[in-house]
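Number of protein chains: 2
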Amino acid sequence: MKNIKLLIEYDGTNYSGWQKQINNNVSTIQGTIEQCLSKVTGEKVEVIGCSRTDAGVHAKGFVANFITESRIPSDKFKYAINRVLPEDIVIIDSKEENINFHARYCCIGKRYIYKILNRQWKSPILRNYAYHFKDKLDVESMNKAAQYLIGKHDFTSFKSSGSSVRSSVRTIMDAKVYAVEDLVIFIISGDGFLYNMVRIIVGTLIEVGIGKKKPEDIVSILEAKDRQKAGASAPARGLYLDEVFY
Amino acid sequence: MKNIKLLIEYDGTNYSGWQKQINNNVSTIQGTIEQCLSKVTGEKVEVIGCSRTDAGVHAKGFVANFITESRIPSDKFKYAINRVLPEDIVIIDSKEENINFHARYCCIGKRYIYKILNRQWKSPILRNYAYHFKDKLDVESMNKAAQYLIGKHDFTSFKSSGSSVRSSVRTIMDAKVYAVEDLVIFIISGDGFLYNMVRIIVGTLIEVGIGKKKPEDIVSILEAKDRQKAGASAPARGLYLDEVFY
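Sequence order for the protein chains is A and B.
Heads up, the first sequence is in our numbering, so the first residue is 31 and it goes up one at a time.
Heads up, the second sequence is in our numbering, so the first residue is 31 and it goes up one at a time.
It is worth saying that the hints were derived from the structure and are not from the lab.
Heads up, a few of these hints could be off.
Straight line, CA to CA, 30 Å or less: simulated DSS-like cross-link-like pairs of lysine-lysine [stated by the list, open to error]:
1. A:K152 x B:K32
2. B:K166 x A:K145
3. B:K145 x A:K206
4. B:K182 x B:K164
5. B:K259 x A:K164
6. B:K152 x B:K90
7. A:K152 x B:K125
8. B:K69 x A:K152
9. A:K152 x B:K152
10. A:K152 x B:K145
11. A:K74 x B:K74
12. A:K90 x B:K244
13. A:K152 x B:K106
14. A:K50 x B:K152
15. A:K125 x B:K166
16. B:K50 x A:K152
17. B:K106 x A:K145
18. B:K106 x A:K164
19. B:K74 x A:K152
20. A:K166 x B:K125
21. B:K164 x B:K206
Let the sequences and hints guide you as you build the complete structure.
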């Protein structure tokens, strides 16, 4: 019996998110990988993911693990699974971990990237990979605002109402907004993220970018612990789970 | 009667190239735009494209024109057409041109971009937007090789055999290869390009990048005027028609 850790990249466009659903007609990343693993190992495998990404969200470095009796060498699993996976999911790496390793519980931090296409016309090429926002964004103000997120804060204002976690306190290690040609890119790393937290932060930073909010308003939004004070949740298609830390 | 010039961006993934085909079951960019223009104007419209991109090739600044009796203001055409176009084709701009303007005959040059994803594992996110090449490419050598293309040359060696143009002499104004993270990007501008010329050049530069050819071999390949001397044609999905000059 061994515990295999997978590093996964996927295009979330055609999936209803990571998590398997009771309705089998719904295509999910977890469900797809589990089906492929069953074919490869002949076992009924349960894959544990590091987080539950929403429909349309992408991942460049998603981590998952599963227990198997299979004799396939750990580092060969990636080839075996990739052969049966659809082309929008790729196993970048597979290796054996300690039997106690758990992709979700052992995770100590994550980095997300959000891409905004900031120009007049929408892009057919990036239509599923960036959020198109027409009005000119003040990237410098957005970056200034992002700095107020760094540190240990109660992020209740940046949490979707559906969420029911015990604590809303999270520590943000780094946050940055910068422009590359007509893309505005937001990078954030933290010890954990609440439901929709990154997308609500982006929605709020966009309000800063168009002058509707000031960078320092982030301080009072955090203090308010009120979802109504923050901006709207930005669309899923601009979001990438970039790296997971253990 | 007026002549409308369109600036078009498209994701070529789901199309059999620009040019309309006799078989109506085949989806083409030209056919799709003509159908949409018929809906918008009520006329049977013929759209003239600046070039015939192959299946899977993308465009960021394709130019086309059409003659119409429609009363829609020239600069409003983009909104009217975009409303009925599928999301993988976008009209960036529309404006009235001199009645003699012809998107193909008036074109004096073009710029193409080719993207190679140069890393071990393939990318599900870029699967339709870059050519995945595993072996490490020597970008400096590739760029050195590209410099030999600049100037007026007979490009017979870089032309697909199917082609039957009068002259194979073209002038390359600029050519450059550089890396951005794990992408190797090739940019080339010239007064014209033969059938598959950019893709054959990329295939040849890749051979330079893996040490199979030397940068200065480009000189003898050009002189040979023999398709067999150049490399294979690189896949369509990495190619973008970037800008067209008039």
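Tested hints:
1. In summary, the hint linking K152 (chain A) to K32 (chain B) is supported, as the alpha carbons are separated by about 27 Å, within the 30 Å threshold.
2. Of the supplied pair hints, the one linking K166 (chain B) and K145 (chain A) holds, its CA atoms being roughly 28 Å apart against a limit of 30 Å.
3. Among the hinted pairs, K145 (chain B) with K206 (chain A) is consistent with the structure: their alpha-carbon atoms are about 27 Å apart, no more than 30 Å.
4. A C-alpha spacing of about 33 Å is found between K182 (chain B) and K164 (chain B), which places the hinted pair above 30 Å, so the restraint is violated.
5. A distance of roughly 48 Å separates the Cα atoms of K259 (chain B) and K164 (chain A); the hinted pair therefore is violated under the 30 Å criterion.
6. For the proposed pair K152 (chain B) and K90 (chain B), the alpha carbon gap of about 24 Å is at most 30 Å, so the pair holds.
7. A C-alpha spacing of about 18 Å is found between K152 (chain A) and K125 (chain B), which places the hinted pair at or below 30 Å, so the restraint holds.
8. Among the hinted pairs, K69 (chain B) with K152 (chain A) is consistent with the structure: their alpha-carbon atoms are about 22 Å apart, no more than 30 Å.
9. Between K152 (chain A) and K152 (chain B) the alpha-carbon distance is near 27 Å, which keeps this suggested pair within the 30 Å criterion.
10. Using a Cα cut-off of 30 Å, the hinted pair K152 (chain A) and K145 (chain B) holds, with the two alpha carbons roughly 21 Å apart.
11. Pair hint K74 (chain A) plus K74 (chain B) does not hold up; C-alpha atoms about 58 Å apart against a cutoff of 30 Å.
12. Between K90 (chain A) and K244 (chain B) the CA atoms are separated by roughly 35 Å; this puts the pair beyond 30 Å, and the hint is violated.
13. Distance restraint check for K152 (chain A) and K106 (chain B): the Cα-Cα separation of roughly 16 Å lies within the 30 Å cut-off, and the hinted pair is therefore satisfied.
14. For a cut-off of 30 Å, the pair hint linking K50 (chain A) to K152 (chain B) stands: about 25 Å separates their Cα positions.
15. Of the pairs offered as hints, the one joining K125 (chain A) and K166 (chain B) holds, with about 23 Å between alpha carbons and a cut-off of 30 Å not exceeded.
16. With a C-alpha separation of about 25 Å, the suggested pairing of K50 (chain B) with K152 (chain A) holds against the 30 Å cut-off.
17. Of the supplied pair hints, the one linking K106 (chain B) and K145 (chain A) holds, its CA atoms being roughly 29 Å apart against a limit of 30 Å.
18. The straight-line distance between the Cα atoms of K106 (chain B) and K164 (chain A) is roughly 18 Å, inside the 30 Å bound, and the hint therefore holds.
19. For the proposed pair K74 (chain B) and K152 (chain A), the alpha carbon gap of about 27 Å is at most 30 Å, so the pair holds.
20. Under the criterion of a C-alpha separation no larger than 30 Å, the hint pairing K166 (chain A) with K125 (chain B) is consistent with the structure, at around 23 Å.
21. Between K164 (chain B) and K206 (chain B) the CA atoms are separated by roughly 21 Å; this keeps the pair inside 30 Å, and the hint holds.
Hints 4, 5, 11 and 12 from the list above are not met by this structure, while the remaining hints are.
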